[in-house]
Structure formats: structure tokens, C-alpha cells
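The listed protein sequences correspond, in order, to chains A and B. Position in the first sequence counted from 1, then plus 13, gives you this note's numbering. Position in the second sequence counted from 1, then plus 80, gives you this note's numbering.
The hints are simulated quantities; they were obtained by calculation from the structure and are not laboratory data. Here the structure is a predicted model, which means the values were calculated and not measured. Careful: at least some of the hints might be erroneous.
Said to hold, decoys possible - From the structure, some residues in chain B lie toward chain A, with a derived Cβ separation under 8 angstroms: (1) Gly169; (2) Gly172; (3) Leu215; (4) Gly304; (5) Gln307; (6) Glu309.
Stated by the list, open to error - Rough simulated footprint, nothing fancy, chain A against chain B, three-plus residues with beta-carbon under 8 angstroms: (7) 199 to 210; (8) 268 to 281.
Yeah, the Cβ is synthetic: ideal placement off N, Cα and C, and Gly gets one too.
In case you want the letters, here they are:
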Amino acid sequence: MNQGPPILSVKDLKVGRGGVSVLDVPSLDVFEGEFLSLIGGNGAGKSTLLLSLTGLIEASGGEIRFRGNAVSSSRDMLNLRRKITMVFQEPLLFDTSVFDNVASGLKLHGFPGKNIRPVVEEYLALFGIAHLSGRSARKLSGGESQRTSLARAFALQPEMIFLDEPFASLDPPTKESLIEDLSSVMRTKGITAVMATHDRMDALRLSDRIAVMDKGAVIQIGDASSVMNRPENEVVASFVGVETTIEGTVRDSNGGLLDISINGAVIRAVGDFETGRRVMCFIRPEQVTIESTPSRTSARNVFVGRIERITPMGFFHRLSIDCGFMLSAHVTHQALQDLQLSEGAEVAVSFKATSVHVIKR
Amino acid sequence: MELILEGIKKAFWLLFTFDPEVMGITLLSLKISGTATLVSLFLGVSVGTVVALNRFPGRRFVISLINTGMGLPPVVVGLFVTIFLWRNGPLGFLQVLYTPTAIIIAQAVIATPIIMGVSLAAIQKLPENMRLQILALGATRFQMIVILIKEARLPLLAAVMAGFGSVISEVGASIMVGGNIKGYTRVLTTATVMETSRGNFDVAIALGILLLLFSFIINAILTGVQQRERPR
């Protein structure tokens, strides 16, 4: 994936608003054909980064290069805007028919009139809205509107597409089917994409790489799975869904296997740290197994603990278990009943040494 | 009571027989107020768009001025336009006082702030990211402005209607700068004033009905426009 020169790269990109720095990205590369997601909370700077990468807001400093060429003059900006495009959270459709909406970008680009129809029809079909072609944009549902907005953007056959929270206003089933269609279009067309989202599940489903943002900075970037499983700090950890964050000391380090002591308990983990080092351990809740009594398991870490709290989370329950340290685990509603779990009850918990991600404290 | 009934009867007679004098006055009114509205449309939309899309020092003050201008009393406009067009006035050399052109100027002064204010609000009311979305589709700045105006076309139509409605029904400025000269600068409102003062209620009522009719058509269009919604 990360081979060859980047299609888009920025150096020392800074954006200020009223004298306050809202974005500071020393370096970021986007590679041809990849899907990069920017995840982070509200105000993390995701939208600001997207808007400055597309030249839609002016950066107060730094350099943007598209295919190696610096984008500096307003002429360059227009040229860049003709090679890329962006879809927003709101569909922002024009008050005309679905067909004319999808054709609008092509017309702005001066695409020859007689060639517009086949292109528009192809993208209406790809986004499953061919039957709505003649309908007024005023008479569309939320999902249909966003499909039209995406078709309008993709019909431009851009070299890059930027998506700013494209699913944030949709209900779950609508969002589900749109993500399916979007990822199939992405696969067939092989367009490079950068998406901002606050939903890590959306990011995981679509992305090759994920960049986690906080306070106007990219705090970790890497393969989707490495960011999820090996967060580099607590902010990333909490954002990617790590619920157990515990501090400990390396008691023994032997051939990549660590014994980490935590309040007297000992966790086995994989990593390379010298003895005596203070470390942080991150454990994802899905990787903790719950049983009523300890069984023979290949997991290196087996503890007996007391359930302090059971929190219903919709499709699953979160257990907060005190086993010398606080551990968070997810169980299904079925498992909760089968194991007769209740607050105050004792349970056996286990997790593999490879499920513990260790970083320097 | 009989006076009114007689008047109404005669008025309808004048209307249905297409009385040449009444028709002449009506056509002149439509021509003068229509031209004034077109001039205001051009000035109002361009300045309104510029103010809506740009941030500059004193912007709030300019918007307050425009909003104040939306309620200019026609007699005050008449007064100042008369002074400007007076033989020794700053624009006296134009020699247009007491001509239809003078009425067009005065009515344009009344309608321009109305159209400006409504178009400013209409452009500002478009979703905040609409400008960015249009640019992201590869538009030049000029193309973006054209699309924004197109997107605001319904409120702009409302602005035109409101502007036209206010000038076709104003009397103060028209009588002051036009002089109510028969067949030349006599319009629906000035004629109504004159016929009423002469006691020719039938003609006055006929003219009044026409004014009401225009007002109804304008409001019917306005209501239709206001009921429409924008896409998401």
C-alpha cells in the first residue's frame, strides 16, 4: 500500500482561528488508492484538516503537495479542486432534480454536454438511485439525499475524495446499506479517500489506515488494526475502545514475555521492556473471556474476580470486574443469563498474553 | 351606501369595457413600476450578494442601513429625489423631473433596499457549507455565486414581488416627482387620489380594484413561494 510517492502530502500544516491554533500537522502523506480515516472527538480538528487539505480553507502556514507539485496560488487551488472533491455530513443538494444534481459537478468542470448523461446514469446506478433520477431533491429521504450527494461527487471521477462525517446524520439501517454500497464503489473505482468520522466502527470497516486526532494534532497513524490493537497512548486507547488501562511495573522480562506486577497481581504480556520499567497495559474488553469457574485454557492470564457493576450497553453488557485490578469485559445478554452473572458474584476471567498491549509509562 | 354600490357598478363597467383612460393609466403604472423593480433587482441582488458573502469592517452597520432602507417613507424619498432633480439640484442637468423617468428613479430608491435586504437574508440563509460544497465540486468563485443566487431564487422572487408590491402601491413619491400629468405621469395611485378628491368615486373604485387585484396576485405568488422547502 504505502509504496511510491504520496498522492497528497502536507508539511507543517497550521491553521489558526482568531489567533488560536486549531490545527498543527507536521507531516501527513496520503497514498494512491488507500482509504485513510481521521478519527477523533468533536473539535479534534478532523474537519479543519479535511478543509485545508482540499484548499477550501486557507492554512496559516505550511505546504500542500499534490502529486509532488506545491499547491500555492489560487490557480493551483482551483486546479486541485477540479481533481478532488468532497462530501459533507449534510447532503447539500441543489434545488433541482436528482439527475441534475449528479450532473452539476460535471457541468462546472465543463464536461462536454453530450457525454454527461451516460456518466450520470452510471453513478446513479452505482449508488442505487437510478429510479429517483427525475425526482426533485426536495422529495428525498435522508439516505437518498446522501446517496445523491455521493453520486454527484463520484461522477466527477476525482483522483481523491474527501468525506466529512458522511454517515453521521443517518439512521443505522440506512447507514449500513450506504456503507456497503460505498465500499463496493470504492473497490471498483479504486479512488483514494480521506474520511473524517467520530465512529471507530465506520473507520474500521472502510479504512486501510487510521489517523487518530486530538486537539488539532494527529496523535497516531497506522494500519487500521495496529491503531485499534496497539494504541500509543491513553487518549488513542480510550478512543479506539480500550476499556482497561492499568499501570504496572515490569517484574520479569524474558524472551519477549513480560511479567507485569499490578497491585500484587501479575499479568503476563508480550513485549520488550527491561525489568523495573513502569508501563501501561491496555486490554480490549472483547478479548476478555468470562466463565463461572476457571477452566483449562491456553490463555496465560487467568484470574478470579468479583463483578462490581453490570452496565447494559444495548446488544451486550459491560462487566466491571475487580480482580486485584479493575478489568472491563463485554458479554452477550445470553451469556449473562447462562452464567447467572450478577453484581457481587465471583467469576473467572481470562485473556491471552497477546491481548495485552504494553506501552512505556 | 348607494354611492358605494353605484361606484362599484360603474367601476366594473369601466373595467369590462376596457375604458381607454383606465387601461392607459394601468399600463403606464405597470411599465414604470416594472422598470423600477428591474433596476432594483439588479442593484439589490448584486449588492446583497456581495454583503452576504464577504466579511468586512462595518458590515453590521451596512446591514442595519439596508434594513432601515427597507422601510423608507415614500414621501421622504419623493422629497429628496425632487431636490436632487430640481433644476438647480445636483442632478438637475438631467432634466427628468416630472417625467416617468423621475418616478422610476424614486421607486427604484424605495424598492432597492427591500430587494437588497431580502436577497442578503436569502443568500445568508443557505446552509453554511453550501459555498464550500460548490467550490469542492470544482466551481470558480464566479460559478459559485451564480449557483448560490440560483439556489436562492425562490426568496429572490419573493423579494421582487415585495419590491414591486411596495412601489406600485406608493403614492407620495410618484405624485411629488411625477406631478400626475395626464397620459404622461399619471399612475394608478396618483389617479386614485385625484379622482377621489374630485368626487369621481366610480373611476377611483375601478382603479382601487385594479390595485387590489395586483396586490392579491403578488401575495398569492408569495404564499406559494413561502410554502416550498429546500432540499436537505
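Here's how the hints hold up against the structure:
1. Gly169: Check failed: Cβ of Gly169 (chain B) comes no nearer than 45 angstroms to chain A, outside 8 angstroms.
2. Gly172: Constraint on Gly172 (chain B) not satisfied, violated at 46 angstroms.
3. Leu215: holds (6 angstroms)
4. Gly304: With a closest approach of 14 angstroms, the Gly304 (chain B) hint is violated.
5. Gln307: With a closest approach of 12 angstroms, the Gln307 (chain B) hint is violated.
6. Glu309: holds (6 angstroms)
7. 199 to 210: holds (count 3)
8. 268 to 281: violated (count 0)
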